[in-house]
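Protein chains: 4
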Amino acid sequence: MFTSKTTVRVRYAETDKMGVVYHGNYAQYLEIGRTDALRQIGLSYKSFEDSGIMMPVLSLNCKYLKSAYYDDELTIITTIKEMPKVRIHFHYEIFNPQNELITKAEVELVNIDMKTNRLTQSPVVLIEALAPYFKS
Amino acid sequence: MFTSKTTVRVRYAETDKMGVVYHGNYAQYLEIGRTDALRQIGLSYKSFEDSGIMMPVLSLNCKYLKSAYYDDELTIITTIKEMPKVRIHFHYEIFNPQNELITKAEVELVNIDMKTNRLTQSPVVLIEALAPYFKS
Amino acid sequence: MFTSKTTVRVRYAETDKMGVVYHGNYAQYLEIGRTDALRQIGLSYKSFEDSGIMMPVLSLNCKYLKSAYYDDELTIITTIKEMPKVRIHFHYEIFNPQNELITKAEVELVNIDMKTNRLTQSPVVLIEALAPYFKS
Amino acid sequence: MFTSKTTVRVRYAETDKMGVVYHGNYAQYLEIGRTDALRQIGLSYKSFEDSGIMMPVLSLNCKYLKSAYYDDELTIITTIKEMPKVRIHFHYEIFNPQNELITKAEVELVNIDMKTNRLTQSPVVLIEALAPYFKS
Chain D
1 MFTSKTTVRV RYAETDKMGV VYHGNYAQYL EIGRTDALRQ IGLSYKSFED
51 SGIMMPVLSL NCKYLKSAYY DDELTIITTI KEMPKVRIHF HYEIFNPQNE
101 LITKAEVELV NIDMKTNRLT QSPVVLIEAL APYFKS
Chain V
1 MFTSKTTVRV RYAETDKMGV VYHGNYAQYL EIGRTDALRQ IGLSYKSFED
51 SGIMMPVLSL NCKYLKSAYY DDELTIITTI KEMPKVRIHF HYEIFNPQNE
101 LITKAEVELV NIDMKTNRLT QSPVVLIEAL APYFKS
Chain P
1 MFTSKTTVRV RYAETDKMGV VYHGNYAQYL EIGRTDALRQ IGLSYKSFED
51 SGIMMPVLSL NCKYLKSAYY DDELTIITTI KEMPKVRIHF HYEIFNPQNE
101 LITKAEVELV NIDMKTNRLT QSPVVLIEAL APYFKS
Chain E
1 MFTSKTTVRV RYAETDKMGV VYHGNYAQYL EIGRTDALRQ IGLSYKSFED
51 SGIMMPVLSL NCKYLKSAYY DDELTIITTI KEMPKVRIHF HYEIFNPQNE
101 LITKAEVELV NIDMKTNRLT QSPVVLIEAL APYFKS
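Protein chains in written order, with my numbering: chain D, 1 to 136; chain V, 1 to 136; chain P, 1 to 136; chain E, 1 to 136.
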């Protein structure tokens with residue numbers, strides 16, 4: 001299992017007239033969570049695209065437990081529970097500054113070879129970087 | 001069962017470097033779908049808030065089947081399958097201009113009394129407007 | 001001079017905690033204004049890109065005179081005052097449902113040949129479609 | 001004169017199909033720039049609103065000189081050149097990772113007393129915190 005932690009500060013633009021973060025904006029926080037998770041093991045999603053593999057999102061599931069507010073520094077815990085294959089699952093928990101769990105989410109991505117536009121396996125560098133976390 | 005249909009045209013701002021609509025932006029399309037569904041039965045979400053009931057989103061589930069492209073006119077089918085109580089479930093199907101199903105989604109909202117900040121029943125006007133669609 | 005008129009309804013997502021449309025979101029309304037202006041003379045910005053000309057924004061100037069609110073249907077008046085050359089200027093006025101001028105804006109685009117990545121003249125179809133409006 | 005420096009990393013969601021940051025999203029970077037500028041002198045915009053003063057944007061001017069790309073870490077230089085009164089002017093320069101100036105911008109805010117909804121002077125704490133930078 002691989003887990004990483006990153007923080008993001010709520011922008012004014014991300015709030016809505018209810019005074020809280022608009023629910024649709026959490027998708028961006030999750031994107032930041034997984035990008036930063038990769039960066040922490042020396043990888044960049046950008047380099048995957050540069051090398052010809054893109055990873056569109058197949059599904060997004062969010063449960064909103066509490067609201068987040070302007071200027072809050074949120075903590076995003078991103079977890080990969082299974083070794084990625086053609087698909088990669090990310091599990092998320094987002095905490096507010098009071099350390100309360102405010103959002104739980106799952107995002108499923110799929111690897112696409114940009115030349116052939118077909119499904120492909122996860123990049124080798126990703127598999128290698130994650131391997132130490134999945135030793136039995 | 002109550003079903004409504006609305007259309008939305010993809011904005012340039014909504015695309016990302018993959019050349020398609022960023023997955024997180026569908027939350028806005030779903031919001032448009034349910035707002036327009038209400039409008040078609042003579043109601044406005046705005047009037048609910050003005051009368052003291054707000055409806056934050058509890059959960060969002062999206063399955064992305066195909067991509068949507070800049071300037072596409074998408075068709076959003078919004079369905080209410082059960083009479084709303086404290087919670088309201090919306091089911092969605094989004095179609096591209098070729099009439100292919102590109103996204104399936106569910107959004108669950110909850111009614112909050114803005115004075116007490118507590119759960120409450122759906123507005124009476126909503127129940128009355130939907131009643132004809134749920135006659136047994 | 002060429003003038004067109006289009007409408008856009010304010011989305012919940014576009015408001016911020018001040019209860020009004022976030023100022024940065026007007027850029028999207030302006031984009032809708034000019035896209036729709038082109039559509040009204042039989043053109044599509046999408047077709048320009050498909051034919052190899054893209055039009056990035058060089059400058060954006062907005063003056064915010066009054067606020068816009070959730071669910072407001074705004075009217076966008078888009079004006080081209082001079083025949084486009086390498087650059088195209090759009091002038092905008094946005095009105096609220098009470099017909100008050102709420103925003104004035106200018107956007108300047110430039111034509112780029114996507115093959116050479118260099119400046120180029122406006123597409124011929126655009127010049128031809130606009131010609132009748134600039135007869136002296 | 002008061003100048004501060006902050007960084008922001010480009011999100012995938014902020015790019016568009018041209019492969020670069022959508023021009024309208026720079027408004028959010030500018031917002032981050034001024035929020036962080038205030039934080040660096042011990043203030044928070046949030047506390048201004050909590051104390052009853054809000055600062056809506058009166059005008060936004062952006063010149064786009066070069067594009068910004070996904071995952072770029074941008075540097076935002078935020079400058080206040082004149083002591084704020086009823087209005088506050090922010091001047092901006094944004095640099096890419098190659099240290100090239102990519103955007104110049106100005107944003108003008110105005111102080112509004114949230115109780116009376118009328119113009120008011122800048123918060124005393126802001127004037128005091130800025131005073132050392134404007135000594136003659």
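Mixed in with the good hints, there may be bad ones.
For chains that are exact copies, the list does not tell them apart, and a pair is met inside one copy or across any two.
[Unchecked claim] Below, in silico cross-link-like pairs of lysine-lysine (BS3-like), each with a Cα-Cα straight-line distance of 27 Å or less:
id	residue 1	residue 2
1	K46	K66
2	K5	K66
3	K135	K115
4	K5	K135
5	K66	K85
6	K104	K66
7	K81	K115
8	K115	K63
9	K135	K66
10	K63	K85
11	K104	K63
12	K135	K63
13	K46	K5
14	K115	K66
15	K115	K85
16	K5	K115
17	K63	K81
18	K5	K81
Read the hints as simulated data drawn from the structure, not as lab findings.
Hints, one by one, checked against the model:
In this assembly of identical chains, the alpha carbons of K46 and K66 lie at most 27 Å apart only when taken from different copies (20 Å versus 32 Å within one copy). For the identical chains of this complex, K5 and K66 are intra-copy neighbours only, at 19 Å inside a copy versus 31 Å across copies, given an alpha-carbon limit of 27 Å. For the identical chains of this complex, K135 and K115 are neighbours neither inside a copy (33 Å) nor across copies (49 Å), given an alpha-carbon limit of 27 Å. Only within a single protomer do K5 and K135 lie at most 27 Å apart by alpha-carbon distance; the minimum there is 21 Å, versus 43 Å between protomers.
Taking the shortest alpha-carbon separations for K66 and K85, only the inter-copy value of 21 Å comes in at or below 27 Å, while the best intra-copy value is 33 Å. In this homomeric assembly, K104 and K66 come within 27 Å of each other (Cα to Cα) both inside a single copy, at 10 Å, and across copies, at 25 Å. For a Cα distance limit of 27 Å, the shortest separation of K81 from K115 qualifies neither inside one copy, at 29 Å, nor across copies, at 42 Å. Proximity of K115 to K63 under the C-alpha cut-off of 27 Å is restricted to the inter-copy arrangement: shortest distance 24 Å between copies versus 36 Å within a copy.
When the C-alpha separation of K135 and K66 is checked against a cutoff of 27 Å, the pair qualifies neither within a copy, at 36 Å, nor between copies, at 35 Å. Taking the shortest alpha-carbon separations for K63 and K85, both the intra-copy value of 26 Å and the inter-copy value of 19 Å come in at or below 27 Å. When the C-alpha separation of K104 and K63 is checked against a cutoff of 27 Å, the pair qualifies both within a copy, at 5 Å, and between copies, at 17 Å. For the homomeric pair K135 and K63, neither the shortest alpha-carbon distance inside one copy (31 Å) nor that between copies (31 Å) is at most 27 Å.
In this assembly of identical chains, K46 and K5 lie within 27 Å of each other by CA distance both inside one copy and across copies; the values are 19 Å within and 25 Å between. Within a single copy, K115 and K66 get their C-alpha atoms only as close as 42 Å, which misses the 27 Å cut-off; across copies the closest is 18 Å, which meets it. For the homomeric pair K115 and K85, the shortest alpha-carbon distance inside one copy (19 Å) is at most 27 Å, but the shortest distance between copies (37 Å) is not. With identical chains, the CA atoms of K5 and K115 are never at most 27 Å apart, being 33 Å at best within one copy and 37 Å at best between copies.
For the identical chains of this complex, K63 and K81 are neighbours both inside a copy (19 Å) and across copies (21 Å), given an alpha-carbon limit of 27 Å. Taking the shortest Cα distances, K5 and K81 sit within 27 Å of each other inside one copy (15 Å), while across copies they are farther apart (38 Å).
In this structure, the hints that do not hold are numbers 3, 7, 9, 12 and 16, in rising order.
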